[in-house]
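Positions -21 to -1, 1 to 267 (mature numbering (1 follows the signal peptide of the UniProt record, and there is no 0)) are the ones given, in order, by the sequence shown.
Hints in this document: simulated from the structure, not taken from any laboratory.
Ideal Cβ placement from N, Cα and C applies to all residues, glycine included.
Among the hints, a few may not be true.
[Claimed, not checked] What follows is a set of in silico ranges between Cβ atoms, one per label pair, in the way DEER data are often shown:
| # | residue 1 | residue 2 | range |
| --- | --- | --- | --- |
| 1 | LYS24 | ARG227 | 37 to 43 Å |
| 2 | ASP156 | ALA218 | 38 to 44 Å |
| 3 | LYS104 | TYR23 | 33 to 39 Å |
| 4 | ILE13 | GLY246 | 31 to 37 Å |
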Amino acid sequence: MLSFIKLIPLAGLVLPLVALADPSVKPAADTLSIDEPGGVPQGYKLAWSDEFASPGLPDARLWRYDTQANKHGWANHEAQYYADARPENSRVEDGHLVIEARKEDLKDKADWGGQPYSSARLLSKTTYTYGYVEVRAQLPCGLGTWPAIWQLPAMENMRWPDDGEIDIMEYVGWDKDVIYHTVHTGAYNHVKGTQKGILKAMPAVCGEWHTYSLLWTPDAIKEGVDGRFFFEFRNDGKADKASWPFNRAHMLILNLAVGGDFGGKTGVDDTTMPWQFKIDYVRVYQKP
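Using the sequences and the hints given, assemble the complete structure.
Structural data, given as structure tokens:
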């Protein structure tokens, strides 16, 4: 999910409001496309994980909620209110994390900003620098849905796009047979029309279980689906933050947005709600 430079504080961090580019602007297509085996690299060990085995709210030792922009509205004209620790919007059941978007207004909430929908956005409390990330998930179907698995630096006074963003998976209901893999930096971003990414064809992707992965090393970022990598963005070796800012600890973000300039390009069909973004597990591996 692309980000504006406007900053918001969150539990000692300063995070950007998020938005996406004009949906008519596709990620730059060049030699970024690959097709090679993925999976956990040899020698990597599990650093942390959540198997979502305990029913109830998500584990507060591992996750926190991002609700900072509710009152004034989320960027990109998104239509959801992100609820804090509300089981209707985020819960663990049947061995899965469920992030649920619902048609309802929560006007009894002090930070409600007039949104007609509710959902949730979770940020990992555990941070990591480099590693292999694997998330098994089932994406919701429906016009206007916009789930994402992505990363931002866990740092104060972060500036977007200068400090970088890694989008492991984005999906929008109007582009139902496509997964977006993208990175953003000071040199490569949608404002300049230079963002780096690919569109991966995934017929009938929503409603089915798939495994989304990231391999992040000092030399390259690789992303893929179901045990294969399809996107690679390489460090050019120039020690230039504008092109490679990916040397700081990141946090993982899981969210389900509703509508907006990107997710709602062709409208929101709320007759298909509630939408459920299900996550079977999150696993992060690193070199010892």
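Each hint, compared with the structure:
1. LYS24 x ARG227: 37 to 43 Å: Given range 37 to 43 Å: violated, Cβ gap about 22 Å.
2. ASP156 x ALA218: 38 to 44 Å: holds (39 Å)
3. LYS104 x TYR23: 33 to 39 Å: At 21 Å between Cβs, range violated.
4. ILE13 x GLY246: 31 to 37 Å: Because 35 Å falls inside the window, the suggested range holds.
Hints 1 and 3 from the list above are not met by this structure, while the remaining hints are.
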